[in-house]
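**Student:** Using the sequences and the hints, build the whole thing.
Protein chains in written order, with the UniProt record's numbering: chain A, 1 to 986; chain B, 1 to 170.
It should be emphasised that the hints constitute simulated quantities derived from the structure, not laboratory data. Given the structure is predicted, the values throughout are model-derived calculations rather than measurements. There could be a bad hint or two in this list.
[To be verified] Calculated from the model, a selection of chain B residues having no Cβ within reach of chain A, i.e. all distances over 12 Å:
| hint | residue |
| --- | --- |
| 1 | E51 |
| 2 | H53 |
| 3 | T57 |
| 4 | A91 |
[As the list claims (entries may be wrong)] Computed Cβ-Cβ distance ranges for the label pairs, DEER-style:
| hint | chain 1 | residue 1 | chain 2 | residue 2 | range |
| --- | --- | --- | --- | --- | --- |
| 5 | A | E929 | B | M165 | 47 to 55 Å |
| 6 | A | A28 | B | M165 | 39 to 47 Å |
| 7 | A | E744 | B | Q46 | 46 to 54 Å |
| 8 | A | Q578 | B | K45 | 47 to 55 Å |
| 9 | B | K45 | A | S322 | 41 to 49 Å |
Where a beta carbon is used, it is the ideal one built from N, C-alpha and C, also for glycine.
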Amino acid sequence: MPAVSKGDGMRGLAVFISDIRNCKSKEAEIKRINKELANIRSKFKGDKALDGYSKKKYVCKLLFIFLLGHDIDFGHMEAVNLLSSNKYTEKQIGYLFISVLVNSNSELIRLINNAIKNDLSSRNPTFMCLALHCIANVGSREMAEAFAGEIPRILVAGDTMDSVKQSAALCLLRLYKASPDLVLMGEWTSRVVHLLNDQHMGVVTAAISLITCLSSKNPDEFKTCVSLAVSRLSRIVSSASTDLQDYTYYFVPAPWLSCKLLRLLQCYPPPEDGAVKGRLVECLETILNKAQEPPKSKKVQHSNAKNAILFEAISLIIHYDSEPNLLVRACNQLGQFLQHRETNLRYLALESMCTLASSEFSHEAVKTHIETVINALKTERDVSVRQRAADLLYAMCDRSNAKQIVAEMLSYLETADYSIREEMVLKVAILAEKYAVDYSWYVDTILNLIRIAGDYVSEEVWYRVIQIVINRDDVQGYAAKTVFEALQAPACHENMVKVGGYILGEFGNLIAGDPRSSPLVQFNLLHSKFHLCSVPTRALLLSAYIKFINLFPETKATIQEVLRSDSQIRNSDVELQQRAVEYLKLSSIASTDVLATVLEEMPPFPERESSILAKLKKKKGPGAVTVELEDGKERGELNGGGDRGGDAAIAASNASTPSPSADLLGLRSTAPVSGTTPSAGSLLVDVFSEAGPSATSAGVNDDGFLSALHAPEASDSPLVEGPGDSDSAPPTVASEDPAPPLPESDELLNKFVCKNNGVLFENQLLQIGIKSEYRQNLGRMYLFYGNKTSVQFVSFNTTVSCPGELQSQLNVQTKTVEPLVEGGAQVQQVINIECLTDFIDAPLLNIKFRYGGALQNISLKLPVTINKFFQPTEMAAADFFQRWKQLSQPQQEAQKIFKASHGMDTEVLKAKLLGLGTALLENVDPNPENYVCAGVIQTKAQQVGCLLRLEPNAQAQPGEQMYRLTLRSSKDTVSQRVCDLLAEQF
Amino acid sequence: MYISHSSLSLLPSAPAIQIRFILIQNRAGKTRLAKWYMQFDDDEKQKLIEEVHAVVTVRDAKHTNFVEVRQKDLLDAMSFRNFKIIYRRYAGLYFCICVDVTDNNLAYLEGIHNFVEVLNEYFHNVCELDLVFNFYKVYTVVDEMFLAGEIRETSQTKVLKQLLMLQSLE
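**Tutor:** Shown next, in the form of structure tokens:
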């Protein structure tokens, strides 16, 4: 094997590095570097042409200086020169310099790309790899533009060397990640997938990363990879430890490749083909079996490699969540690891079990390990392991063990690491609320929480306990009693004072019968804490006092005296002073009745998501979320809120906000719309009368009559019958087919994605204006046909058709128009649209008329797009994050990165996003430059919740500005369609 | 460990980049190799280097070889923005690999070891100075084994054969 001695090859470099290492101070180092830079600069500028070796050496020195943390502002050209050397060592230094010091100098990029191009076509595998590595390391858009077409060809060519294939696969992956729009796999897809069969394991190892990434973005196109991956995996798993020679690592056959194969399979649901599935289950069983076999080596490398595969297999089993037998076996295996002497394994077992806990098949099996996990929480040295234990306890908690787990977590809190206290507090608070059977336990737990870790009890936690106490009258008396007792402690946390003040102010009367907690005793107790508290707490207490005056008239004199004291009424804090003054006045002049009304008991809080849960989700990354999904479902039990489970989560929350009647447009009623009369229609009329008052309302009326007269024709399928030929059109026209849609009709369609009104089409003869209005899954569109000439149009006829499958997706009804349009006149047509299910295409509008004898035949796309059926959905950040997580399957997401075609004006962007029909959510995305929106698409068949995120890179130079648009929805076709539509808008 | 980022490439829903960076540091915090697989600006790189050093050097053998990195940015609740450092100490050097939080810890832990064994063979009992004086060759070794943030080749025999071949070239 090669042994490389210090800096062989470039003596000057070695000397320089030694000099730098010998520098005693930073100043000496800088001095030495400056000397060297001057030397190199003079060499580069000198008259004498440098030979390749010297150039390489100096460029390498510059690189070294750069890596030490100094700026380098020259040498790029010399590095680029090295690229065209035909010596490997010179080329390598050139490429390394370019890779580390990417420069956006466009002149250089052209030269670099040129050199890369030469190397790629050199047929010298070493040079090809260097070039590919450079592309993979830089990954710029310019490189993607230059090489994204070439690399797939290299990757699949029959005569490409294996090592080049490996580099090409990963190079392509890098370009795809950086510029997905430029990498078009189309024709290569199948050959790339078949690299899984390549006999060179290194090629498979590299290619599978590419395939996994592509699969996660286009699962359908790559789904043939599943069976190939299974058979490859099967061959590896069943091979003996020596079969794979070079790829056996410490007696484990191809561990990394096995992991990658198992990971690729996690992009897909379980295989449908029984044989493939059987084979896969066999593999998974073999992997689980091997874990039980005695190790073939005592080395940790052996067990790590083996367990890497095991954990990946368990991830796949959890991903499928459909094989109870495997899930339970996985759980038992992890249970063994919980007690393993290797900390790594204990940590990973806790982590992996956390996800198992949320599967219905393994939840019970996970619960059997509760004692071990509690022990881990108490004894592990590494705080990250303790944190995993806490996570797992939280995940495995249910009604049967809640009291035990909450008690353990509470006792752990007393000594818990500061870094995890706040999160622990939130978790305890959530579990206590979620599994509270009797609320006295809940109140006890939260007050304990405040007592033990008051500093870490965030506002959300004490808000929540108050919300619950206010809303549950069976616990109010107990809460008042408990909080009264807690306040007896000489030093109690300010949060306790807040809760105490609030609860006694509301429900102190419930314990006032006991002389030990008479009104005056309660007041004195609270007031004894007053001076130790911060301003907000004092303000809260003042409110509690005025409430006392109402609850207990006997305290009035005492409290008025307190309010009247200088420290209150002349308090330097405006808020406190104002409260004191106002409360004093209120208590003196208001009658008992007025007082009782003003200071009435707080009404129940509207049910909403727990403020604590929201907080936890903000705090915590993915780990916590699995359990929280459950929370959503179970919360209903406790709070009496609606059931928010199921896939229509967004829709359900939307339904709770008042929404206009579904039948607003009256489309479903049998009677034709009579525009002006009923209350339901009036809103619509208002909407339109704003825009074009007299003509429109008259038009609506006319249409009412017309549609009644022509109803049968209106419902004729325009596709079957030639348009208008059953009507009044002259025989000559009857044979004319509708013209194909105008070439610009897609563009016209795009114009209306974010707006509903405007001019759809215009030529010398005709102008078509459009107004539309949508409610739920129904829409109405008004088309205004304006004759721009002074001559009448005859045989004027329009039809709307739904091509192909659109017929079953949209129900479109039109009313016929008068066949005669006078010169300068405008006629109007109403189109009613019902969205049955989500759709992609747009209905076609065909207009035919004769102008001076010549037949005009125009086809356009009607701007009816899926987003028109959006209902905006307002939601809090936490809700948004949770839903976003719920929609995490690859096919639920659609994403586009595209160049900005217009400026990035905030107001314009906002208007467009609102025009899309979604709610624009403020203060959700932590980056204020981004936009997030939410809405529900209403179709007759279903409601599709949709989340959107738009990220501009506004800081970029004009011309470089890009957007990334991400759509997530419960339906893949919807994500894709909305993404496509919206991407055209910016 | 809290790090905040601004660059577009870090945003959550970008296709996950497996390895975000590979760092070799000595106990004093001197960087012996930094290989970045996503765009960071110089300040971010410096900050990451310092923070990785701060978190790994305080850990001992009883600790796991994994450190989760949480970003202050709230977006981590929204998606998989968290990542983790998988590290292993060899004498005075820490080999750290930063990967996505969902990635396979043990596979990368052994990925580090595999890499170290190759370096050891290539430099004949590798020591810190080898990495200093031959920094430009270390990059070649890395590129043979890891490319575009993914594992490229795992066979030590194949990698060493290739390195030997390159060594023989002028």
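**Student:** Would you list, in rising numerical order, the hints stated earlier that this structure does not obey?
**Tutor:** The structure breaks none of the hints.
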